[in-house]
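Protein chains in written order, with our numbering: chain A, 1 to 162; chain B, 163 to 275; chain C, 276 to 369.
Derived by calculation from the structure, the hints in this document are not laboratory data. Among the hints, a few may not be true.
[As the list claims (entries may be wrong)] Quick list of the computed label-pair ranges, beta carbon to beta carbon: (1) A:Y105 to B:F243: 48 to 58 Å; (2) A:N22 to B:I195: 23 to 33 Å; (3) B:F243 to C:G287: 20 to 30 Å; (4) B:A269 to A:R87: 26 to 36 Å; (5) A:R87 to C:S280: 52 to 62 Å; (6) C:S280 to A:P45: 50 to 60 Å; (7) C:A343 to A:R155: 41 to 51 Å; (8) A:P45 to B:E266: 20 to 30 Å; (9) A:R131 to C:F361: 56 to 66 Å; (10) A:G130 to B:E266: 21 to 31 Å; (11) A:S127 to C:A357: 34 to 44 Å; (12) B:D167 to C:A301: 31 to 41 Å; (13) A:V36 to C:V346: 13 to 23 Å.
Yeah, the Cβ is synthetic: ideal placement off N, Cα and C, and Gly gets one too.
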Amino acid sequence: MSRFLPYPLLSLGLFATWLLLNAPVTPATAFLAALVGWLVPFVMPALRPETVRVRAPGVILRLAGHVLVDVVQSNIDVAKVILGLRRGTRRTGFVSIPLDLRSPYGLAVLSIILTATPGTLWIQYESNSGRLLLHVLDLTDGDGWVRRVKDRYERPLMEIFS
Amino acid sequence: MTGVDLPVWAAWLVVALALSGAGFSLVGAIGLIRLRTFYERVHAPTLGATLGMTLIVAASILYFSVAEGRPVLRDLLIGLFLTVTTPVTLILLGRAATYRDRAEGNADAPPDP
Amino acid sequence: MSAASILTWGLGLAQGMLVLAMVIAAWRVLRGPRAQDRVLGLDTVYLNGMLVIVVHGLRTGSGLSFEAALVICLLGFAATLALAKFLMQGEVIQ
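Model the full structure from these sequences, guided by the hints.
Here is the structure:
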């Protein structure tokens, strides 16, 4: 952003982490946290990170809400599968999803979301064709998964990391 | 054995959170036995790494916050760290299994995306 | 029941469940059948061991176990990553 504070989000994260590790907050730890949060980001240009612009805070909140619900729901679903409480035959298999999302940060967040919901596993992403291979534990219909990933996660992520 | 005195309601809540978290973790581990192929089994430990971990971390935050009379949030760091690292390990493990299965030409190897 | 006995018994039960999860995961490490199954089992052992230590910190009411849990978390991540990388290439550092 500026020469004094090149990565404000990173500075804020470091500041908060330092305070969490050194609670309770005293003036001395707060000073050290501010120092760490200010100075450490100056090593970042050596890594040449791509600049990221995060937009649409409302969309972030809605996506976070969806993910929270899905994580709890899929935990319960997978627990049912493991304990044999799920009725009917279960099919398991791979789903190939064509992604339009190209931002590396967006893809990283998508991978965290898909892995954090038990029942889906990110196997391979082909960056040339933009196709993602997922393994799904309870694969009732493949097209449903494609729509679910694209509508529920990919579209908000494209809005956030546009 | 416990060093500090908690109100009874807080003790029940901490125990309930810890037990349900441990339950999800245990079910995840049982999945390692019950599911038949490797690609099915990879899903199982995620139970412990997401909801199981979250519930136990919540129990810890509640316990220390009530015991010390101020919000103690440092256990959030465990949750944050685990949330960021679990996808990396599982994706890399899935990739390794895919690579090995394809190299050996196994029948249940993942198809090309 | 007093709060102390609720905590001792309830958290002890939670620890027992987590240790059982560790034993099951260790069985998967020993049983295989393939190397990736063993690595997955080892990762689960690490995860549940970390949770046992967090719950132990609750039982003893000491804040010291937080650091231990964080270190196990880091070591488990590094170990699983190195093993998975080894399975993929046969070389850890190339």
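Outcome of the hint check:
1. A:Y105 to B:F243: 48 to 58 Å: Cβ of Y105 (chain A) to Cβ of F243 (chain B): about 19 Å, so the range 48 to 58 Å is violated.
2. A:N22 to B:I195: 23 to 33 Å: Once the Cβ atoms are compared, 42 Å apart, the range 23 to 33 Å for I195 (chain B) and N22 (chain A) is violated.
3. B:F243 to C:G287: 20 to 30 Å: With Cβ atoms ~26 Å apart, the hint holds.
4. B:A269 to A:R87: 26 to 36 Å: Holds, since A269 (chain B) and R87 (chain A) (Cβ atoms, about 28 Å apart) stay within the stated range.
5. A:R87 to C:S280: 52 to 62 Å: For R87 (chain A) and S280 (chain C) the Cβ distance comes to about 41 Å; the hint is violated.
6. C:S280 to A:P45: 50 to 60 Å: Holds - the Cβ-Cβ distance for S280 (chain C) and P45 (chain A), about 57 Å, lies within 50 to 60 Å.
7. C:A343 to A:R155: 41 to 51 Å: 42 Å, holds
8. A:P45 to B:E266: 20 to 30 Å: 44 Å, violated
9. A:R131 to C:F361: 56 to 66 Å: The hint (56 to 66 Å, Cβ to Cβ) is violated, given that R131 (chain A) and F361 (chain C) are roughly 27 Å apart.
10. A:G130 to B:E266: 21 to 31 Å: Given about 28 Å between the Cβ atoms, the range holds.
11. A:S127 to C:A357: 34 to 44 Å: 25 Å, violated
12. B:D167 to C:A301: 31 to 41 Å: Distance hint for D167 (chain B), A301 (chain C) holds at roughly 37 Å.
13. A:V36 to C:V346: 13 to 23 Å: 20 Å, holds
Violated hints for the displayed structure, listed by number in ascending order: 1, 2, 5, 8, 9 and 11.
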